[in-house]
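Those protein sequences? They're chains A and B, same order as listed.
Counting from 1, position 247 in the first sequence corresponds to residue 247 in my numbering; the numbering is continuous, with no gaps.
Counting from 1, position 49 in the second sequence corresponds to residue 49 in my numbering; the numbering is continuous, with no gaps.
Quick caveat, the hints were computed from the structure, so don't treat them as lab data.
All figures in this text were calculated on a predicted structure; none of them were measured in a lab.
Cβ coordinates follow ideal geometry from the N, Cα and C atoms, glycine included.
Warning: the hint list may mix true and false statements.
Looking from chain A toward chain B, a few residues come up when the C-beta cut is under 10 Å (computed) [said to hold, decoys possible]: (1) L120; (2) R171; (3) I297; (4) V308.
Capping the alpha-carbon separation at 20 Å, the derived lysine to any residue pairs in SDA-like fashion look like this [to be verified]: (5) K120/B - D50/A; (6) K86/B - A307/A; (7) K64/A - D282/A; (8) K89/B - D282/A; (9) K86/B - K161/A; (10) K161/A - D187/A; (11) K265/A - D282/A; (12) K43/B - M288/A; (13) K86/B - K120/B; (14) K86/B - P51/A; (15) K43/B - K115/A; (16) K115/A - T289/A; (17) K43/B - A307/A; (18) K86/B - M288/A; (19) K86/B - P49/A; (20) K118/A - A102/B; (21) K120/B - S87/B; (22) K43/B - G226/A; (23) K43/B - N299/A; (24) K86/B - L287/A; (25) K43/B - G60/B; (26) K86/B - K118/A; (27) K86/B - W48/A; (28) K43/B - A116/B.
Covered by chain B, according to a simulated footprint, are these stretches of chain A (three or more residues, beta-carbon under 8 Å) [unchecked claim]: (29) 62 to 75; (30) 278 to 290.
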Amino acid sequence: MEIESSVSSSKGVPRMRYRFWVPSVALLGAVLALLAHPSAQTRSTPRWPDPVPNRPPIAEKDKKPAPRRSLVGMWGARAGNRQATNQSSGVQLKPNNGRPENQLPYTPYGLELYKSHKPLEGADAVPPAATNDPRVRCEPLGMPRHNHYDLGIQIFQDEYKIAMLYQYDNRWRIIWTDGRPLPTLADGGVEMDGQYREARWFGYSVGRWVDDYTLEVHTVGTMAEGRVWLDNTGRPVSDQLHVIETFRRLDYDSLEWSETLDDPKVYTRPWQTMKMPMTLQDPRIDLMTRYCSPSEIENYNREYGNAVSGK
Amino acid sequence: MRNRLVIVLTAAVGLLTSVPLIAHHTGTTLYTDKTVTVKGIVKSWLWSNPHCLLRVDVTGEDGQVVEWIAETQAPNTIYLEGYRAKSFKAGDEVTLTLRQAANGRPYGQLAQAVLADGTKLGSLEGARGRGAAAP
């Protein structure tokens, strides 16, 4: 304002110069300030990356140290490996292919449960029209089956908890890391602080840092048999299930996700289901939709599934 | 006429066009383990969960038109194989390699689609999963 008023008292040419130079200098200053800002030097125009996890494993020479006590990031199973991503033939370490080494230590009740299941995958698969997989009715997969299907996991954390966002059906679970004790199994649910709580699809999870790069997670209080399966091949789990997971941050871009089941109602001893290598993905991925929609499944069966199942 | 179906050949055991695909469903009888190759004209392409469906009219050597339906895995699985929501449109000429339904009907699990311009989607090793009604 002051410049303008002083200029207005001047002759025409100087006034024009001021009008040109003042905004020009200001613009130049703004541009220089922007260029000096680190983000302006490193960021190009934001874009939409491929909407699926697809980053290949990191070369040895590009590996960086892992951050301390952090699992934060978008994680995907090994690129291009559908069996790793979907575990469609059964859990990663024990595919259901009829081989002796992959037979599970069923209790009599566990075996009975398994035989009552009509899965779409595995050694005892049935056609789509004959399945009784709860997934086909869009029932939640629950814990731990969500760990065995369509892996793509976004992890957030704060000082109290870790949140895991699952790609399939946009589900999420919480792991408490604030030191609270694991509830005890009781009457189909759990007991905590002297109170009874009902079973839940993802149960109740608590985690403890074993060291700066290893988180051990225990989960109990999951849904009873009849509501959930272990995997796509119809293996069972029960309401007595105790899941032990280990998340090992091997380096900045690599996470090893292990899982062991202790379920004396259906298995005679604990056994390990997976030891999954996960790779850190582009944090800007906006994942494709993979909701379970009853109307889409109905349409698929009408258009295809029933006909391909028929004689 | 150009748009007419043509050929195909099928894949009886032992034919050169017959390629064994990965069959990791040891207990399934939903599909044969041999591939069939058909060439036809796209009727529709459904990009949807739990599986995408491609309808193609195929004209046999006898002039009869048969509608084939090929299924793929879910969109987020086949995206990395090159498939997109607009990969096909009605009227496109396309050659499909698929595992045919074991019941002999014109249904199959798509391994690879080749467009008229030579673009290949999927791969001959790509018939993974049974393609059942699995969301």
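Here is what the structure says about each hint:
no., hint, result
1, L120, "holds, 4 Å"
2, R171, "violated, 13 Å"
3, I297, "holds, 6 Å"
4, V308, "holds, 5 Å"
5, K120/B - D50/A, "holds, 19 Å"
6, K86/B - A307/A, "violated, 26 Å"
7, K64/A - D282/A, "holds, 16 Å"
8, K89/B - D282/A, "violated, 32 Å"
9, K86/B - K161/A, "violated, 41 Å"
10, K161/A - D187/A, "violated, 27 Å"
11, K265/A - D282/A, "violated, 41 Å"
12, K43/B - M288/A, "violated, 25 Å"
13, K86/B - K120/B, "holds, 14 Å"
14, K86/B - P51/A, "holds, 16 Å"
15, K43/B - K115/A, "violated, 41 Å"
16, K115/A - T289/A, "violated, 33 Å"
17, K43/B - A307/A, "holds, 18 Å"
18, K86/B - M288/A, "holds, 15 Å"
19, K86/B - P49/A, "holds, 18 Å"
20, K118/A - A102/B, "holds, 19 Å"
21, K120/B - S87/B, "holds, 11 Å"
22, K43/B - G226/A, "violated, 41 Å"
23, K43/B - N299/A, "holds, 17 Å"
24, K86/B - L287/A, "holds, 18 Å"
25, K43/B - G60/B, "holds, 16 Å"
26, K86/B - K118/A, "violated, 35 Å"
27, K86/B - W48/A, "holds, 18 Å"
28, K43/B - A116/B, "holds, 15 Å"
29, 62 to 75, "violated (count 0)"
30, 278 to 290, "holds (count 4)"
Hint check: violations occur at hints 2, 6, 8, 9, 10, 11, 12, 15, 16, 22, 26, 29; the rest are consistent with the structure.
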